[in-house]
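Could you put together the complete structure from these sequences and hints?
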Amino acid sequence: MATFDCEVLGYVRYNPELSYSELIECEDDVKEKLTDSLREQGAEHVDFFALDDGLRIQFVLNEYDEGQLHTLCDAVLPCLPEKTVTRLYAIQKNLETSTLFQFENGAWKEAGIEISSAFCL
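Counting from 1, one number per residue, gives the positions in the sequence shown under the UniProt record's numbering.
Calculated from the structure, these hints are not laboratory results. Treat the hints with care, as some may be off.
Lysine to any residue pairs mimicking SDA-like chemistry, simulated, CA-CA at most 20 Å apart [claimed, not checked]: (1) K93 to G54; (2) K31 to V60; (3) K33 to P81; (4) K33 to Q92; (5) K31 to Y11; (6) K93 to P81; (7) K109 to Q92; (8) K93 to N62; (9) K31 to R13; (10) K31 to E44; (11) K109 to T84; (12) K31 to R87; (13) K83 to E40; (14) K31 to E63.
So this is what it looks like as structure tokens:
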């Protein structure tokens, strides 16, 4: 049985100027491209949920590995349409560390977020 040490939650916020039909077309394209790209990077249980003018994403990885997460970010960047803001939040399942990645204007950046129990004192 596989053990998945990393849970990733995400959200793609579409350009508010898109018409409804453009949004649906864009969303179908994004889901197809992201699914392929994420699976190539080792993601499993990839799931999408449309919500208003955005798309929720959820998937798991075998390990919480910063190098793998960076490679994944590089791989998914070309899948994201212009004028969208996308965020992925990777959480190590033992709840010791997490990282927020934001994709915008053809680039991504990250912020490490310490969530260990030492910060709850």
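Under the criterion that the straight-line Cα-Cα distance not exceed 20 Å, is the pair K109, T84 satisfied? holds (15 Å)
Given the hint that K33 pairs with P81, test it: the Cα-Cα distance must not exceed 20 Å. The hint holds at about 11 Å.
Need the status of pair K93, G54: alpha-carbon distance at most 20 Å? violated (26 Å)
Keeping to a limit of 20 Å between CA atoms, is the pair of K93 and P81 held or broken? violated (30 Å)
Given hint Y11 paired with K31 - CA-CA distance at most 20 Å: Roughly 12 Å separates the two Cα atoms, so the pair holds.
Pair hint K31 and E44, alpha-carbon separation not exceeding 20 Å: holds (14 Å)
Pair hint K31 and R87, alpha-carbon separation not exceeding 20 Å: Status holds; Cα separation ~15 Å.
Sort out whether Q92 lies within 20 Å of K109, counting only the CA atoms. Distance of about 19 Å is within 20 Å: holds.
Hey, K31 versus V60, does the alpha-carbon distance stay inside 20 Å? holds (16 Å)
Does N62 sit within 20 Å of K93, going by the straight-line distance between their CA atoms? holds (10 Å)
20 Å Cα cutoff - pair K31, R13: Since the Cα atoms of K31 and R13 sit roughly 13 Å apart, the hinted pair holds (cutoff 20 Å).
Going straight from one Cα to the other, do K33 and Q92 come out at no more than 20 Å? violated (25 Å)
Hints 1, 4, 6, 13, 14, counting from the list given before, are not met by this structure.
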